[in-house]
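> The sequence shown begins at 0 in numbering that gives the first Met the number 0 and counts up by one.
Keep in mind the hints are simulated off the structure, nothing from the lab. Computed from a predicted model, the values in this text were never measured in an experiment. Any given hint could be a false lead.
As the list claims (entries may be wrong) - Straight-line C-alpha distance at most 20 Å; calculated DMTMM-like pairs for lysine to aspartate or glutamate:
#1 K126 x D180
#2 K126 x E76
#3 K126 x E43
#4 K126 x D193
#5 K126 x D109
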Amino acid sequence: MLLNLLGLSAKRILLRVVALLLLSLLSACSQQIERQTCVPLASEAQYCLSSASAVLTTSPQQDISLSQMVSFTHGQENHELLTQLELNSQQMTLVGLAPLGQALFTLVYDGQTLQSQQSMLLGEQFKAEYLMAIMQLIYWPTEQVNQHLTGGELVTMACDMPLCKQLIDASGTLITITYSDIDPWLAQVNVDIDAADIHMQINPID
Numbered sequence: 000m001l002l003n004l005l006g007l008s009a010k011r012i013l014l015r016v017v018a019l020l021l022l023s024l025l026s027a028c029s030q031q032i033e034r035q036t037c038v039p040l041a042s043e044a045q046y047c048l049s050s051a052s053a054v055l056t057t058s059p060q061q062d063i064s065l066s067q068m069v070s071f072t073h074g075q076e077n078h079e080l081l082t083q084l085e086l087n088s089q090q091m092t093l094v095g096l097a098p099l100g101q102a103l104f105t106l107v108y109d110g111q112t113l114q115s116q117q118s119m120l121l122g123e124q125f126k127a128e129y130l131m132a133i134m135q136l137i138y139w140p141t142e143q144v145n146q147h148l149t150g151g152e153l154v155t156m157a158c159d160m161p162l163c164k165q166l167i168d169a170s171g172t173l174i175t176i177t178y179s180d181i182d183p184w185l186a187q188v189n190v191d192i193d194a195a196d197i198h199m200q201i202n203p204i205d
């Protein structure tokens, strides 16, 4: 409700301030975990995180900061969270907040190691690194993704949207990604992982 009453610039500033403030609270009731940088996407396909440097060279901005509302659907379950994605030449940072502002997790990838700090409420089974991997599939150049992908290939496909991609392997389509804008950073993005019955919608908050 509050976000609806604010201007677009104020929304983005507020989200960044809230993320920074709540991260200090997260440290008091969270656990620090060093995560694996390679995640299985299917029985054969595996993606290993890659650095943000190649992404920044294709962007007119020196750094990238993106506030998002992420909606998940799994079967009959629906979940939402706010995310703050920060990219610079040294690292990629992904912060997750519940819609009411509770700090959930923060991930920091420096190109070598992935550090995860997450709320005890999420439990050890919650794997935030999968969300970071999906973010890279969405926003990283296709060629760069494929350099870090084994057992599958990310391809651009013809569709009735400005941009569509599919992650495929020998058995068929694993993940479908559609964009409402040719520029992924400006687009509403839909991600379908059919085998896991998962649908994600990612909306940038200007």
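> Hints numbered earlier in the text: which of these fail when held up against the supplied structure?
1
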